[in-house]
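A.B. asks: Sequence:
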Amino acid sequence: MNITKALYHQNGLVRKSSAAILRGARFAKRCRQTQEDLEACPPVFVNSLPKSGTHLLNQLVTAFPNLVEYGAFLGSMTSSYRFRERSKQNTLKFIQSFLAKEIVRGHLFYELEYDLALRKQNVVHYFIYRDLRDVVVSEAYYLRNINRWHRLHAYFRELPTLADAITCSICGLNDQWPGINYPNIADRFARYAGWLESPTVCTLKFEDLVGSKQEESLTQITDFYSRQLCYDINPERYLEAMRVAIAPKRSHTFRKGKSGGWRNEFTSEHRKVFNTLAGDLLINLGYETDDSWV
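So the sequence shown is numbered by our numbering: it starts at -11 and just counts up by one.
Quick caveat, the hints were computed from the structure, so don't treat them as lab data.
Fair warning: this is a prediction, and the values are worked out from it, not measured in the lab.
Positions of the beta carbon are idealized from the N, C-alpha and C atoms, including for glycine.
Mixed in with the good hints there might be a few duds.
To be verified - Capping the alpha-carbon separation at 16 Å, the derived lysine to aspartate or glutamate pairs in EDC-like fashion look like this:
| # | residue 1 | residue 2 |
| --- | --- | --- |
| 1 | K193 | E203 |
| 2 | K81 | E99 |
| 3 | K108 | E27 |
What the hints assert, rightly or not - Restraint ranges, calculated between C-beta atoms of paired labels, are given here:
| # | residue 1 | residue 2 | range |
| --- | --- | --- | --- |
| 4 | K260 | L227 | 41 to 51 Å |
| 5 | E224 | R145 | 40 to 50 Å |
| 6 | E146 | R107 | 26 to 36 Å |
| 7 | E224 | P148 | 50 to 60 Å |
| 8 | E185 | D152 | 28 to 38 Å |
| 9 | E224 | W137 | 26 to 36 Å |
| 10 | L104 | D25 | 19 to 29 Å |
| 11 | S256 | V232 | 16 to 26 Å |
| 12 | I134 | Q164 | 18 to 28 Å |
| 13 | R70 | S256 | 33 to 43 Å |
| 14 | N133 | E224 | 18 to 28 Å |
| 15 | T149 | V232 | 17 to 27 Å |
Work out the full structure: start from the sequences and follow the hints.
C.D. replies: What follows is the structure, given as structure tokens:
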């Protein structure tokens, strides 16, 4: 089995074993790296709010020739089991460890210091976002039924129905579970929103990648990458590789990967609560023009 592909195996033990092997290879590579390596062959960072399409975008950039994936993941929240916020010092140290030609996935909050550190490492930074109504449905299902090692699973599994879990995903847990860093969906997204305004970040809509604007989005990904290289590439070769690579079911966290699925899950109460907390965000992100969807 390809050791990198094993990172996305359905079996958790296989994923963890391959990650351990790749960590050793990554460390050995880091000991030999120079600044010239970073400038010639920049790292690629695939970033998002959780459940927004990280794995899909990662599959696309892994199709680029010469890039390597060691399984590195930079989350502002530490492992799902501990679920604590990573310190700023630790985050900056992690960014400084990015390797030339490396693909790193992550859920990194926006901070100007992080933005500047990524620029200094010459990182090609992609940020993908998604209709937040689909995000809360996906996260509710994930925390309730899929990731039994996540710290929030203990709470979500006790909820009587998926509808209750969706309400929890919308409203957060800060009031019900003191000490848990899980605010409402608007506040969770606000931690990442600064990336949308950063001039050195390529922002992408999940819905465009799986919809009618797919080809346009793939071209955007390729063009952004090529602009930061010190050598010329064949754009069509990269585009064709990405077309072949689009296969969301390879992700161990994949459920449906559709856009607009929230319509089948939201109750009238979900619509009202979501609109109260994050209705303006839907308009600002271009998903609605008013609150008539409620």
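A.B. asks: Evaluate each hint against the coordinates.
C.D. replies: How the hints compare with the structure:
1. Between the alpha carbons of K193 and E203 the distance comes to roughly 13 Å, so the proposed pair stays at or under 16 Å and holds.
2. Under the criterion of a C-alpha separation no larger than 16 Å, the hint pairing K81 with E99 is consistent with the structure, at around 14 Å.
3. Distance check on the hinted pair: K108 and E27 sit about 10 Å apart at the alpha-carbon level, within 16 Å; holds.
4. Range check, K260 to L227: about 43 Å between beta-carbon atoms, so the 41 to 51 Å window is met.
5. Roughly 48 Å separates the CB atoms of E224 and R145, a value that falls within the hinted 40 to 50 Å.
6. Range check, E146 to R107: Cβ separation about 44 Å, and the 26 to 36 Å hint is violated.
7. Distance hint check for E224 and P148: the Cβ-Cβ separation is about 52 Å, which falls inside the suggested range of 50 to 60 Å.
8. Restraint check, E185 to D152: a C-beta distance of roughly 35 Å satisfies the suggested window 28 to 38 Å.
9. For the hinted restraint 26 to 36 Å between E224 and W137, the CB-CB distance of approximately 42 Å leaves it violated.
10. Take L104 and D25: their Cβ atoms lie about 20 Å apart, and the range 19 to 29 Å holds.
11. Between S256 and V232 the CB atoms are about 42 Å apart, so this pair departs from the stated range of 16 to 26 Å.
12. Here the CB-CB span from I134 to Q164 is close to 21 Å, well matched to the stated 18 to 28 Å.
13. A hinted range of 33 to 43 Å for the beta carbons of R70 and S256 is consistent with their spacing of about 37 Å.
14. One distance hint, 18 to 28 Å for the beta-carbon pair N133 and E224, is violated here, with the actual separation near 41 Å.
15. Restraint check, T149 to V232: a C-beta distance of roughly 39 Å breaks the suggested window 17 to 27 Å.
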